[in-house]
Structures are given as structure tokens and as C-alpha cells.
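Start counting the sequence shown at 18; every next residue gets the next number (the numbering used here).
Certain hints may be false.
[Stated by the list, open to error] In silico DSSO-like links for lysine-lysine, alpha-carbon gap of 27 angstroms or less:
| # | residue 1 | residue 2 |
| --- | --- | --- |
| 1 | K448 | K606 |
| 2 | K651 | K606 |
| 3 | K651 | K611 |
| 4 | K710 | K611 |
| 5 | K448 | K458 |
| 6 | K458 | K369 |
| 7 | K606 | K458 |
| 8 | K532 | K514 |
| 9 | K606 | K710 |
[Said to hold, decoys possible] For each label pair, taking beta carbons as the anchor points, the in silico distance ranges come out as:
| # | residue 1 | residue 2 | range |
| --- | --- | --- | --- |
| 10 | A563 | K606 | 28 to 38 angstroms |
| 11 | A340 | G500 | 27 to 37 angstroms |
| 12 | E472 | P294 | 26 to 36 angstroms |
| 13 | A516 | A340 | 16 to 26 angstroms |
| 14 | A671 | A516 | 41 to 51 angstroms |
| 15 | V187 | A392 | 24 to 34 angstroms |
| 16 | A563 | A285 | 51 to 61 angstroms |
| 17 | E596 | K76 | 55 to 65 angstroms |
| 18 | V330 | K458 | 29 to 39 angstroms |
| 19 | K651 | A559 | 42 to 52 angstroms |
| 20 | A671 | A559 | 49 to 59 angstroms |
| 21 | S607 | E472 | 17 to 27 angstroms |
| 22 | V330 | G500 | 21 to 31 angstroms |
| 23 | A563 | E472 | 26 to 36 angstroms |
If you're looking for bench data, these hints aren't it; they were derived computationally from the structure.
None of these values were measured; they are calculated from a predicted model.
We treat Cβ as the ideally placed atom computed from N, Cα and C, and that holds for glycine.
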Amino acid sequence: MAESETRYRVGGMDCASCATKIDTAVRRVAGVADVSVSVMAGTMTVRHDGSSDLKVIEKKVTGLGYSVAPLAGNAAPAHERGSQHRHDHGHDHGDHADHDHDHAGHSHDHVHDHGEKEIEGLHGHDHALMAGPWWQSRKGRLTILSGAALVAAYAVGHLVPAIASYAFIVAMLIGLVPIARRAVMAAFSGTPFSIEMLMTIAAVGAVIINAGEEAATVVFLFLVGELLEGVAAGKARESIQSLTGLVPKNALLEDNGQTREVPAESLAVGAIIMVRPGDRISADGIIISGESAIDEAPVTGESTPVRKGVDAVVFAGTVNGDAVLRVRVTAAAADNTIARVVKLVEEAQESKAPTERFIDRFSRYYTPGVVLVAALVAVVPPLLFAGPWGEWVYKGLAILLIGCPCALVISTPAAIAASLSAGARRGLLMKGGAVLETLGKVTMVAFDKTGTLTEGKPQVTDIISFGLSEAQVLSRAAVLEQGSSHPLALAILNRAKSAGVPVPPAFELEALPGKGVSGKVGGETLDLLSPPAARERGALSAEQDARIAALNDEGKSVSVLLVNGVAAGLIAMRDEPREDAEAGLAALKSARVKALMLTGDNKRTAAAVAGMLGIDWRGEMMPEDKQRVVGELKRQGFIVAKVGDGINDAPALAAADIGIAMGGGTDVALETADAAVLHGRVGDVARMIELSKRTMRNILQNITIALGLKAVFLVTTIAGITGLWPAILADTGATVLVTINALRLLRIRI
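Construct the complete structure from the given sequences, taking the supplied hints into account.
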């Protein structure tokens, strides 16, 4: 049976234990092969054999107290998913931002489109994105109520000391009942050692040993901690969702000579839209009339506006500067660059990094281990050493709370989600945590030449004239090339256009296959030939031949212009390195990463470009040769990243430890590669590696914070220095610290 994949938007997750509970519950459904949950993206992907009852999956999730809704374009067989564009960003934006803004604080009372009414208050982490103020969310209201009950219990205790203990029990129950209900649901769904369960045992145990005041305080602090976690997780989620907000809601559609305003998501491919100065462009497209400075900073992070004219590609979300543009739409809303970036980052966040998988496994044994240690601390000293029961049970309960693995489990996904989002905002796309982790270990980057280190378009570099002026040589060459779409012809025509030389019409134009082109203009017979064809005609002197050889040694292609059979000039062209290629390679060198250029070009051209950039090279390579070289480098012990345009480089990209596609916008070959540099900057490869290293440092800091705080409080609790409420502060404090530390990655300037 074909394996299918269904994606869901899940509301209300804000820490790693949420994801674990959902993952455990859904895996128990018959026919489910795999589950990936991303807290930061608020999504879940379920792979199943098609026999699963999707309604049962949804019931499992709502039973745990989360909202769940299937995303559009689901249930594709798994082998098709690379080519399929599932449009979920329109849904999530409405679901999370607009919905919560209108009904702040009622996020769990509404009925979802699949007809499931949510079970109220089941889930303490029950906060869909906090678009409204925190005190209007359900979690905020419960925390305030619990705090007020605690204050009231203190007041009652002072006024009527006899009933103080009962007042604190009531105050505790207000906060504990929803927590205990969730603990029971999680236990039935396969997660007996949830934080809610540990919390419930500790609070009930505290009441039994007559520590009701502390039990009520601990429950209140737990709710405060969860509220803070919710706010922090919301911030992380907003960072990538805010990208979707860049695309305007409406567009000006041209229809039978009239313009009318329509919703941007209704635009079809091929539609013509008008973009006024100062407006955001509402779809990916190609300019068909007008020229303007486009501010691409929202999408690319590029600070200076880019001048674009007819036939230039524009992206949704960028801002039109100073003139009216007419744009032909090239991608529907579901497939525009921003939608694809958001979808890619969300899917990437669902795939786990090796460190994250290790910590998940570790916490599976760690939490039951903590419960065992807490039980031993509570029971062994009183039984064997005649210690006071009350004191040691109290210490055991405190250890239960210290042991919660929340901070540890979220330490990795929070950092990875923040980095994937920070990278995406700068056009650095990475498909998941494993890719992000491996990038920092890269020791060799193998670059393709054409279109990667170079612009991919030849440019005229030299015009050498014999008797005529340079402008006359250029004008006559352009006359012969007009109408041609060959890259060398386009280089000559572009140079003629920018130099402003006249290009009169030619007569009797004739292509000479393998040799060049000839024609007549103004009484002159003109030929633009390759050097061998010009030599055949005996048109080149020894001195002119030497000039051509010197230009060839610089990696340049040369065309010879003949006027009435006599050599009148030479035009040399070369695919020039990208502006930032030299600086980008220098950045890699300073990061102690080696670079190598692999190209199919002849050795002369390869040597010339490599010499300009100061990079090792191998020339005259077929795609399979590039793949072989990547394999050799790996055998020599290098961790290899291969950078190419992702189309003819597919074998080498697949063979490398990390394949990075280089290219702009929707044409980027995301399917083949592990990562992509959307804006075609060589320096972005070094930025990606630096981002990975920073992320791994951040994860290490997070794990140190999480385990360090627990170790300190474990010792102080057993020594009798700290009690229940510092224990809960240690756990919640660690989780909040870890999340805030991870969120620093969102703000980094790379």
C-alpha cells in the first residue's frame, strides 16, 4: 500500500514535552509509520499506510488539549512529496494571528473545521500564538486566578488561622485541577512521566505532609513558568510567520484595460498586475513594463534597492520604489518565494538534528530515573536511618520537580528553530536540524564555476580596433548579432546598449554554422567570425594572432570583425566572477575551510578564473567526474559541502555531505540540495557555516544551563537548603533562560 503523508496545524504547543506527548499518542494509532512534530512551527506531519483513520489521530490530539486542523493539499504519497507544493501558510497566518487577535483568550473554545470541540482547560500549555495581551489568554487568566486565590488564602490564614491550611488547599486546587486532568490524559496516551504528572504528585504529596502553603505557591509558580514559556515560544514562532505578513492581502489586477482590486491569493499565473510606487509587490512575477528601484530588504536583507526593468524577476513582499510597474504573475500565492521559504522552514523544523535525537532518547530514561531517585530519597533515610518522614518525603517531592526535563529537551529545538528562521530571513535555507548541525563541521567547499563563482553570463571585457574606433567596431558587431539569443551575442548587444552606440538594420544576414555570422550594412560586407574561421580566410596578421592568443590565455573567448574581408577589430568576452566571490572565498579561508573550484570549462579558462579568485581548481570535468572528486575528498577525511546551481550538479550535490544549491527565488533547485543560497552570494556559504557554529555553541550553552541548574538545586535540596518552590523556579527558570538564549539567534547579524 502506498505510504501517504498528512500535515496538520497544531495549536497550543509551547514546549518540548507537548511535542513528546502528541508524538507518543499518535504513534499508537494503527497504520501510523512515523510522526514529526515541530513546536516552533506549530505543525505535525504523520506518515501512514493509508489505512489509518485520520479522525482518530485528530481525536487523540484534541484529547490531550490541543487544537488540530489538517493542512491543505494533504495525503500525497510520500514519494511525490518533493515535487508537491502544499500551501499551508495562508491557513496558518489566519489561524494563528488573525484568529487569536479577534478572539484573544478564547483560543480553545472555538469549534474547528473538522467539528471537534476542544476539551476545555485540558492542556496547561494551551496557548495558541499570543497575538492579544497575555492576560486575555486562557493560560493568563488561570495564572491570575491562581495568584489571586493564593493571596486570598494568605489573607484568610492571617484573619482565621484555624482554617489557613484549608484555604491553601482550595487555592492549590484552582491551579492543580486543570494540570491533573492533563496528566491523566497524557498517561492514558502513553506518557506517564509528564511534567504535569510530576507536578500533581508533588503538590498532592506536599498537602499530605502538611505543606499546603508551599503546594499552593508551587502550583502558582508552575503556571507563571508555563505562561513565560508560552510567550517565549510564541516569539520564536512569530519570527518565521512574520515573513508571510510581508505579502500584501490585495493586488491591482488589469482586466480588459481596467484595474480592479482583488485578493492577492486569487491571482492566477499569467495575470497582469499593476504596482504603484511605494506599494508592496503582491506576487512573484516578471516586469513587462516600467523600470523602478525595488527595495528587497524585507525578503533578502539587502539594504540598497535594486534597479529593475522589463524582463526582470520580482518577488512577492518586496517594495516598489519610484515608478509604476506592470508585472506578469509567475507563481500562485501557494508557490511564491515567501510561501515556499515558510513551508520549507516549517518542514525543516520537524526533522530532528542528531543532538536533538540523542537528548530525546536521554530524557526517555532520565525522567523515570528522576522519579526513582526521588522515591529513594523519600523512603530510604526514614526506613534505614530513622530520618523524619516529613522532611525526607518533602525533599523527595522537591527532587521530582527539579527533575523535569523540559529545559533540557527544548534546549536543542529552540536553538535550531531560531537559526532556521534567522537564516531564512537572509535567504539561507537549510532543510532541517541535521543539515544545520553538519554545516558547522564542513572542512572543504567544492564550488561549481559557471553561475556559482561567476555570473553565468559572458560580458565584453576588451574591444581592440584595427583602424576603426572602438564604438565603430562594437556597432558593426552588434548589427550582425541582433535577433540572436546566443550568450556571446547577448554580451555584445548589452555592451552596445549600455555604450549607446547606433545599431542600424542589416541586410542579407547569414549564419555560418560553427564559424560565425555575416551580413551587409551601408555598402559594407561584415563578418563576425571565430579566430580559426578568420585564419582560414587569411585575414589575420601574426601580430593579431598573438593578441588573440594572449586574450585566450586570460580565459576569454574572442570574435574577429572583418569589414570587406579585412580584420577591423577583436571583441573579447568572459564570464566574470561574481562581485562578492573574492570576499566570500576569503571569509571561508579565515574560517579555516578549504575551497576548490570544479568546472567543465577548458583548463585555460578555469586557470584564468581560479587565478583571479585565488582558488584551487580542476577543469574539463563531466558531472560524473565532479561526483568522483567529491567522493575522493570524503575519503581523504574532509567533510565536503558542494555548491552548484543544483541542476547539472545533481550527482555531486547528492554525493557531498551537504549539497548547497545556488540560485535566485523559485528557480532554486531545492529538491536536490540539503541547503540553498537564495540570493546567489558566494559569501552566504561562509555565513551559513558561521550560523551553524553559533547554533551549536548556543545548544551547548543551553544544555549547560539546564543540567547545571538542576545539579545545583539537587545538591541544595538534599542538603536541606532549598525546598519545593525554589525547585519549581529552578525548572521553570531554566526553561525560560534556555528559550531566551535560543531566541538570541533570531537577532544575529550574519
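Cross-check of the supplied hints:
{"no.": "1", "hint": "K448 with K606", "result": "holds, 25 angstroms"}
{"no.": "2", "hint": "K651 with K606", "result": "holds, 19 angstroms"}
{"no.": "3", "hint": "K651 with K611", "result": "holds, 13 angstroms"}
{"no.": "4", "hint": "K710 with K611", "result": "holds, 16 angstroms"}
{"no.": "5", "hint": "K448 with K458", "result": "holds, 16 angstroms"}
{"no.": "6", "hint": "K458 with K369", "result": "holds, 17 angstroms"}
{"no.": "7", "hint": "K606 with K458", "result": "holds, 14 angstroms"}
{"no.": "8", "hint": "K532 with K514", "result": "holds, 25 angstroms"}
{"no.": "9", "hint": "K606 with K710", "result": "holds, 15 angstroms"}
{"no.": "10", "hint": "A563 with K606: 28 to 38 angstroms", "result": "holds, 36 angstroms"}
{"no.": "11", "hint": "A340 with G500: 27 to 37 angstroms", "result": "holds, 29 angstroms"}
{"no.": "12", "hint": "E472 with P294: 26 to 36 angstroms", "result": "holds, 29 angstroms"}
{"no.": "13", "hint": "A516 with A340: 16 to 26 angstroms", "result": "holds, 24 angstroms"}
{"no.": "14", "hint": "A671 with A516: 41 to 51 angstroms", "result": "holds, 44 angstroms"}
{"no.": "15", "hint": "V187 with A392: 24 to 34 angstroms", "result": "holds, 29 angstroms"}
{"no.": "16", "hint": "A563 with A285: 51 to 61 angstroms", "result": "holds, 59 angstroms"}
{"no.": "17", "hint": "E596 with K76: 55 to 65 angstroms", "result": "holds, 56 angstroms"}
{"no.": "18", "hint": "V330 with K458: 29 to 39 angstroms", "result": "holds, 34 angstroms"}
{"no.": "19", "hint": "K651 with A559: 42 to 52 angstroms", "result": "holds, 50 angstroms"}
{"no.": "20", "hint": "A671 with A559: 49 to 59 angstroms", "result": "holds, 50 angstroms"}
{"no.": "21", "hint": "S607 with E472: 17 to 27 angstroms", "result": "holds, 24 angstroms"}
{"no.": "22", "hint": "V330 with G500: 21 to 31 angstroms", "result": "holds, 23 angstroms"}
{"no.": "23", "hint": "A563 with E472: 26 to 36 angstroms", "result": "holds, 29 angstroms"}
Hint violations for this structure: none, all hints satisfied.
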